[in-house]
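Protein chains: 2
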Amino acid sequence: MERTIYTTPQDAETAFYAALEKADLDAMMSVWADDEEIICVHPGGVRLCGVDQVRAAWRQIFASGQTLRIRLRHHQALNGVTHAVHSVFEEIAVSGATQTQNPVIATNIYMRTGNGWRMVVHHASISPAPPEPDTKRAPKTLH
Amino acid sequence: MERTIYTTPQDAETAFYAALEKADLDAMMSVWADDEEIICVHPGGVRLCGVDQVRAAWRQIFASGQTLRIRLRHHQALNGVTHAVHSVFEEIAVSGATQTQNPVIATNIYMRTGNGWRMVVHHASISPAPPEPDTKRAPKTLH
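Note that the protein sequences, when read in sequence, are chains D and Z. With my numbering applied, the first sequence covers 1288 to 1430. With my numbering applied, the second sequence covers 1288 to 1430.
To be clear, the hints were calculated from the coordinates, so they are not data collected in a lab. Just so it is clear, CB atoms sit at the ideal spot from N, CA and C, and this is done for glycine as well. Do not rely on the hints blindly, as some may be mistaken.
[Said to hold, decoys possible] What follows is a set of in silico ranges between Cβ atoms, one per label pair, in the way DEER data are often shown: (1) Z:Gln1347 <-> D:Gly1337: 28 to 38 Å; (2) Z:Ala1416 <-> D:Asp1322: 15 to 25 Å; (3) Z:Gly1331 <-> D:Gln1340: 16 to 26 Å; (4) Z:Ile1292 <-> D:Val1338: 31 to 41 Å.
[Unchecked claim] Listing some non-contacts, in silico: residues in chain D with all C-beta distances to chain Z over 10 Å: (5) Arg1290; (6) Ala1306; (7) Ala1384.
[Stated by the list, open to error] Derived, one-sided and incomplete: chain Z residues facing chain D with beta-carbon distance under 8 Å: (8) Ile1326; (9) Gly1331; (10) Cys1336; (11) Val1368; (12) Thr1369; (13) Ser1374; (14) Met1398; (15) Val1407; (16) Val1408; (17) His1410; (18) Ser1412; (19) Ser1414; (20) Pro1415.
Please model the complete structure; the sequences and the hints are all you need to start from.
Dropping the structure here:
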């Protein structure tokens, strides 16, 4: 399968959440670095390491058949030459669910590889409270 | 106050956990980048942004008077030129507590600044299970 080249960390992030909403396992894994060092921690979950564990967990999540709609808020970025760190609140709506849930805080880390920018870490945890209203602070890029 | 220069991400990490065990607020904050973009998520906690919020939360934690002993396990490192990502299990023993608790999964991100390596992100969450036994996989460094 020919893999998409993401030329910026933001492109990779957009593809990550698109794959999540579509429950598309191939698209999801094409965002991740093909590396035994990748790490994924789902909310309340264990630490998954390497492509096999990360793929197996996404397969299980997508097999539930639930459709998720995700709204991202309060995005912050620390973009470096070889790595980029994005922090974001995920407001997740589950199809058929009437309850709203607290947002998820996600730390997403991307690395520049020979095949463009790829995700290397996704660490997510449930926030005990909604984020404060958007402030005047704009996302910044550090070099 | 003269601040220590950490010449490697590992030096900064060692200082981070030493400050945590000593409940030393100045030492703790000397590990962090002096930047409004730093992010700290304590286990089950909200997202703290910037030096003021991060410092206030550590002050509150240290004010509890509890002494923590922390054993680190299953360390993985993705070290780049400007950023380094460390993932680790924290086995935390609280003085006076008889219950053992599940370990904490921490994603620690360091950035090379004009004043050496500094922490820019600490994202921690409780693991629902202990990690698997140490495997043959040694921590690796990617460049």
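Hints versus structure:
{"no.": "1", "hint": "Z:Gln1347 <-> D:Gly1337: 28 to 38 Å", "result": "holds, 37 Å"}
{"no.": "2", "hint": "Z:Ala1416 <-> D:Asp1322: 15 to 25 Å", "result": "holds, 24 Å"}
{"no.": "3", "hint": "Z:Gly1331 <-> D:Gln1340: 16 to 26 Å", "result": "holds, 24 Å"}
{"no.": "4", "hint": "Z:Ile1292 <-> D:Val1338: 31 to 41 Å", "result": "holds, 37 Å"}
{"no.": "5", "hint": "Arg1290", "result": "holds, 19 Å"}
{"no.": "6", "hint": "Ala1306", "result": "holds, 21 Å"}
{"no.": "7", "hint": "Ala1384", "result": "holds, 22 Å"}
{"no.": "8", "hint": "Ile1326", "result": "holds, 5 Å"}
{"no.": "9", "hint": "Gly1331", "result": "holds, 6 Å"}
{"no.": "10", "hint": "Cys1336", "result": "holds, 7 Å"}
{"no.": "11", "hint": "Val1368", "result": "holds, 5 Å"}
{"no.": "12", "hint": "Thr1369", "result": "holds, 4 Å"}
{"no.": "13", "hint": "Ser1374", "result": "holds, 5 Å"}
{"no.": "14", "hint": "Met1398", "result": "holds, 7 Å"}
{"no.": "15", "hint": "Val1407", "result": "holds, 6 Å"}
{"no.": "16", "hint": "Val1408", "result": "holds, 6 Å"}
{"no.": "17", "hint": "His1410", "result": "holds, 4 Å"}
{"no.": "18", "hint": "Ser1412", "result": "holds, 4 Å"}
{"no.": "19", "hint": "Ser1414", "result": "holds, 6 Å"}
{"no.": "20", "hint": "Pro1415", "result": "holds, 6 Å"}
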